[in-house]
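Peer 1: Residue numbers (this note's numbering), protein chains in the order written: chain W, 111 to 442; chain E, 111 to 442.
Possibly wrong hints are sitting among the right ones.
[Unchecked claim] Partial chain W-side listing against chain E, Cβ under 10 Å, derived:
#1 Val-320
#2 Ser-336
#3 Pro-386
Bear in mind the hints are in silico, worked out from the structure with no lab data behind them.
If you're wondering where the values come from, they're calculated on a predicted model, not measured in any experiment.
The beta carbon of each residue, even a glycine, is placed where N, CA and C say it ideally should be.
Protein chains: 2
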Amino acid sequence: MSHLTRRQLSALPLFLMSAANATSQQNSDPLPSWREGPSKRAILDFVRDTTTTGTASYVDPADRLAVFDNDGTLWPEQPIYAEVAFAMERLRSLAHDRPEWGNHESFHAAFAGDFSAVAHSGLRGMGAIVMAAEGNTTPEILHQSVAEWLKTARHPRFGRHYTECVYQPMEEVLALFRTAGFATCIVSGGTQEFLRSWAKAAYGMMANQVIGSTFKLHYQENNGRSELIQLAQFDRLNEGAAKPAAVLERLGRRPVAAFGNSDGDYELLQYTTTGPGRRLGVLIHHDDGNREYSYDRQSELGRLDRALTDAQANGWVIASMKNDWSQIFPQA
Amino acid sequence: MSHLTRRQLSALPLFLMSAANATSQQNSDPLPSWREGPSKRAILDFVRDTTTTGTASYVDPADRLAVFDNDGTLWPEQPIYAEVAFAMERLRSLAHDRPEWGNHESFHAAFAGDFSAVAHSGLRGMGAIVMAAEGNTTPEILHQSVAEWLKTARHPRFGRHYTECVYQPMEEVLALFRTAGFATCIVSGGTQEFLRSWAKAAYGMMANQVIGSTFKLHYQENNGRSELIQLAQFDRLNEGAAKPAAVLERLGRRPVAAFGNSDGDYELLQYTTTGPGRRLGVLIHHDDGNREYSYDRQSELGRLDRALTDAQANGWVIASMKNDWSQIFPQA
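Taking the hints into account, I'd like the entire structure generated from these sequences.
Peer 2: Dropping the structure here:
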């Protein structure tokens with residue numbers, strides 16, 4: 111670095127200055143859980159290119175927006191979405207007061223705690239469970255219910271609390287982008303209020319950085335206080351083309367980087383990476399059956415088929431959990 | 111102030127420290143365009159109470175959210191909404207390529223530039239003009255079109271550019287709340303992308319601080335670039351109970367202060383002021399026909415009837431433009 115002037119040095123992004131010191135400081139790697147290779151290189155190069163002033167790839171800080179799918183991208187989605195596991199338990203706890211639910215065939219698997227059967231019922235079956243469990247309540251009550259559940263619930267395979275299953279390499283990516291001045295945002299098919307109840311503690315995502323599926327809201331007065339009630343009816347299902355539309359509606363701009371893992375993220379990555387200037391699209395590929403799960407084209411949950419086929423032509427990075435990640439979860 | 115300890119002083123909000131110096135410094139009044147009186151006092155007291163630590167009325171900085179209607183609250187809405195004036199002109203400029211519009215009866219007044227007839231056509235007639243003028247385009251194209259229009263268009267009565275008609279007292283309120291650590295947000299019946307195109311320059315509101323009516327968005331690929339097109343169809347009409355619902359959906363929290371001027375803001379103020387703890391609801395009353403306009407219960411635009419009747423019972427402040435504002439517009 112000795113040949114750089116003081117002025118040149120001050121123009122360098124913070125993390126690059128850290129990278130420059132990597133030989134002397136082992137912990138200066140912003141992505142320590144990513145193994146050296148093309149995926150890690152692509153992410154680091156993107157952040158360097160978009161934050162180095164005076165280059166064609168420089169992105170104004172006001173335009174630095176990176177968006178992240180949640181299930182399968184920031185934490186596991188197998189053997190079932192965490193939200194569906196929560197909804198199944200809440201459905202059971204509420205069932206006593208709702209005898210009519212016993213006649214609802216698709217709820218039987220939920221009452222039995224049968225993850226496999228519920229996953230097999232597809233988005234329609236899982237959606238019905240989430241609607242019934244999370245509908246007809248206020249966001250405040252729901253948040254409390256989720257918080258209680260998270261305290262005791264554990265992932266059936268890893269035995270950890272769900273929030274301890276957040277992918278360590280992705281926490282590092284979030285930190286890297288934030289340090290480089292990017293606004294970060296979750297764009298998930300999960301429902302917004304479920305996500306909001308824990309996304310701040312797990313990811314540092316405030317409520318306005320969480321874009322998810324939404325329920326229709328009903329305005330009502332109750333004992334002199336007005337409330338907004340989530341009806342048992344979806345308003346927006348935040349999958350596919352609805353994802354970029356929600357980002358534009360909420361934030362008023364096109365992201366410059368997007369991370370996803372399934373065909374439901376195709377349009378989000380496409381909208382992101384076909385904008386002008388330097389762009390980044392990354393697909394997390396679940397190819398590590400030993401440490402996590404191995405699935406793509408045939409999976410009922412988080413199917414990755416069309417996006418996997420088109421990834422190379424679209425210039426998207428395929429990050430292999432098996433090869434690119436030295437560690438999946440944080441140290442216990 | 112000499113009897114306050116250094117520690118007590120440091121706990122005081124910034125603007126109060128300024129107020130304490132008011133006798134020596136004329137310009138330390140954060141609301142110089144507001145005349146002394148109950149309305150000004152209520153606003154200043156609210157900000158003091160919610161930012162003074164150790165009191166029951168203190169509001170955590172993370173919860174400090176103040177929301178503002180736009181038309182009639184931050185700038186004039188007579189003789190017609192500025193957006194409708196824009197849409198009328200855009201409609202005329204596009205009409206050559208859309209001969210079928212000539213058969214649309216409600217567009218005749220628009221082509222003739224007849225504000226009075228268009229206003230008389232109500233939300234349905236004005237909505238049809240806005241839909242036709244702003245539909246089937248991208249937000250980027252629309253922003254450019256609005257920017258061009260704002261450069262030359264002038265308010266028919268005041269002769270000023272529209273953005274020079276922003277109410278000076280409300281600019282001071284925005285600054286007061288921001289200085290006190292409040293997030294501020296526009297919650298308007300106007301369309302979101304129209305507002306976004308100028309709200310940053312006029313109010314310092316970034317895109318994610320603008321909540322307005324929205325169009326359905328259509329995702330399409332065009333020459334290898336994907337785009338979101340605003341269809342000529344409203345998705346959400348941001349009036350009445352839709353306003354608080356949009357705030358909760360976007361920001362995930364209930365505002366603690368709300369400013370509006372019409373019955374379309376009733377639920378926004380009600381949702382705000384019936385929450386727990388210290389709250390503020392303010393209605394701007396257009397009672398100054400000499401300097402601006404005088405209208406309320408009978409007006410076709412910005413009708414203020416039910417909210418005016420219930421204001422006292424609801425504890426809302428009625429700010430009189432005539433009596434409370436020493437100045438309406440910024441110095442030319």
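Peer 1: Now, for every hint given, state plainly whether the structure supports it.
Peer 2: Right, here's what the structure says about each hint:
Residue-level restraint check for Val-320/W holds (minimum Cβ-Cβ distance to chain E is 7 Å; threshold 10 Å). Evaluation of the Ser-336/W hint against chain E yields a held restraint, the C-beta minimum of about 5 Å falling below 10 Å. Interface restraint check for Pro-386/W: the shortest CB-CB distance to chain E comes to about 8 Å, inside 10 Å, so the restraint holds.
In summary, this structure violates none of the numbered hints.
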